[in-house]
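For the protein sequence lines, the chains are R and H, in the order given.
Quick note: to get the working numbering, add 530 to the position in the first sequence (first position is 1).
Quick note: to get the working numbering, add 279 to the position in the second sequence (first position is 1).
Since the hints were made in silico from the structure, they are not lab data.
Just so you know, not all the hints are guaranteed correct.
[To be verified] Taking lysine-lysine and the DSBU-like style, the derived pairs with C-alpha atoms no more than 35 Å apart in a straight line are:
#1 H:494 - H:464
#2 H:494 - R:667
#3 H:475 - H:488
#4 R:702 - H:291
#5 R:667 - R:582
#6 H:464 - R:667
#7 H:494 - H:442
#8 R:667 - H:488
[Claimed, not checked] According to the in silico footprint, chain R covers these stretches of chain H (three or more CB under 8 Å from chain R):
#9 380 to 391
#10 402 to 408
#11 500 to 510
[Unchecked claim] Sample of chain R residues with no beta-carbon within 10 Å of chain H, all distances over it, derived:
#12 564
#13 569
#14 582
#15 640
#16 660
This one's a predicted model, so the numbers in the text were calculated from it and none came from an experiment.
For each residue, glycine too, the CB sits at the ideal point set by N, CA and C.
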Amino acid sequence: MSENKQAAKIRVATASLCGCFGCHMSLLDIDERILELVEKVEFDRSPITDIKTVGQCDVGIIEGGVANAENVEVLREFRQNCRILVAFGACAVNGGIPAMRNSFTVKQCLEESYVDGIGVDNPMIPCDPEIPMLLNKVHPIHEVVKVDYFLPGCPPSGDTIWTFLMELIEGKPISFPYQQIHYD
Amino acid sequence: MTTGKTYKLDGKSIPFEDGDTIMDAALRAGAYIPHLCHNPEFTPHGSCRVCIVNVNGRYLSACTQPAVDNMQIDNSSEEIMSQRRALLQMLFVEGNHVCPGCEKSGACQLQAVAYYTNMLSPHFTHFFPQRSVDASHADTAIDYNRCILCELCVRASRDVDHKNVFAINGRGIDSHLVVNSATGKLGDSTFSVHDKAAHVCPVGAIMPKHGAYEKPIGERLYDRQPINIVGDVAAHEQDEEV
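Produce the complete structure using the sequences and hints provided.
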């Protein structure tokens with residue numbers, strides 16, 4: 531009985547690429563409705579479960595834009611494993627605040643942060659091989675993989691996320707009340 | 280004076296007078312046709328194309344097309360809305376419109392029209408152009424990243440202020456706003472914060488200094504109700520000035 535219930539659940543994976551985790555925090559703003567949510571979904575890879583690899587999922591939810599080599603890898607893994615991929619929040623949708631670095635070269639950004647910046651001690655650009663290489667520009671995720679749904683907002687509100695997930699789970703057309711969609 | 284002439288906007292009769300454009304009559308009747316470069320105080324410009332409508336099978340911009348008796352106009356079908364959405368998406372990717380970091384956000388006409396057309400994504404590949412910010416003027420800053428080339432500041436400065444502070448230079452994708460001063464800086468021009476041109480920008484390109492983020496989120500112009508009910512940014516700018 532409980533196994534059947536488990537099997538009927540929708541598998542959801544989430545990841546934060548070049549974002550601030552604000553969208554994931556906003557997911558927690560669904561408050562006590564999270565109890566209803568876990569009746570309907572099983573979380574796969576996600577900061578919520580701390581699972582590190584993504585398995586076959588129904589829905590993949592991506593926060594953040596694509597700013598480094600690791601972001602590209604994670605995003606492609608999500609696309610391969612998730613039936614439906616969702617751009618979650620301003621950075622995933624259009625690059626957001628991190629994409630403001632696109633007005634500068636990577637060299638300028640690194641030098642400002644680690645060499646010339648105010649209060650920098652021991653100036654040195656980090657070069658540990660474990661640190662992913664930065665891309666020349668920050669990209670919205672739809673410039674790298676096909677994206678099925680877009681949820682704008684910085685962050686999308688808990689209510690917006692709830693509306694989206696419930697409509698998606700119930701197989702209804704996705705639509706939102708006016709106040710639930712904003713770009714900021 | 281009424282002429283008894285009408286056209287049908289989505290099946291609804293809109294009366295018009297001789298010389299009216301489709302937009303003039305619709306605005307007077309309180310019917311909303313989405314627009315960005317149009318402001319009823321200025322000569323129609325017809326450049327943003329967001330007011331595109333289907334008139335008897337032809338696509339026309341409502342702000343420049345004279346009204347004709349018995350026109351049948353489609354203003355809200357999904358087909359028209361998707362064309363407008365594509366135009367807006369192109370405007371978004373051509374500039375750097377970082378809504379979370381913009382003090383105009385929530386009271387921005389580009390944003391509000393995009394909400395109205397249900398635009399959820401930019402769809403196209405972003406240009407991420409290299410543009411500058413001009414903060415040389417004491418009271419007003421220009422962020423060229425946000426300019427959509429509507430020419431409302433150009434028209435206001437030329438036709439109302441009689442100063443010709445602004446112009447559009449270049450062609451095609453290289454078109455850009457320029458300031459009429461020896462240095463090209465706003466601070467060296469004859470521009471004043473009291474000019475009409477300081478109060479017509481539909482986006483966050485020409486912004487007053489010293490007063491950002493005064494309205495909290497939830498109370499900004501388009502936070503509660505859509506633009507077809509609230510109206511244009513410029514109409515509300517005048518309210519605030521008084």
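Going through the hints against the structure:
| no. | hint | in the structure |
| --- | --- | --- |
| 1 | H:494 - H:464 | holds (29 Å) |
| 2 | H:494 - R:667 | holds (33 Å) |
| 3 | H:475 - H:488 | holds (16 Å) |
| 4 | R:702 - H:291 | holds (31 Å) |
| 5 | R:667 - R:582 | holds (26 Å) |
| 6 | H:464 - R:667 | holds (29 Å) |
| 7 | H:494 - H:442 | holds (32 Å) |
| 8 | R:667 - H:488 | holds (30 Å) |
| 9 | 380 to 391 | holds (count 5) |
| 10 | 402 to 408 | holds (count 4) |
| 11 | 500 to 510 | holds (count 4) |
| 12 | 564 | holds (24 Å) |
| 13 | 569 | holds (28 Å) |
| 14 | 582 | holds (29 Å) |
| 15 | 640 | holds (18 Å) |
| 16 | 660 | holds (28 Å) |
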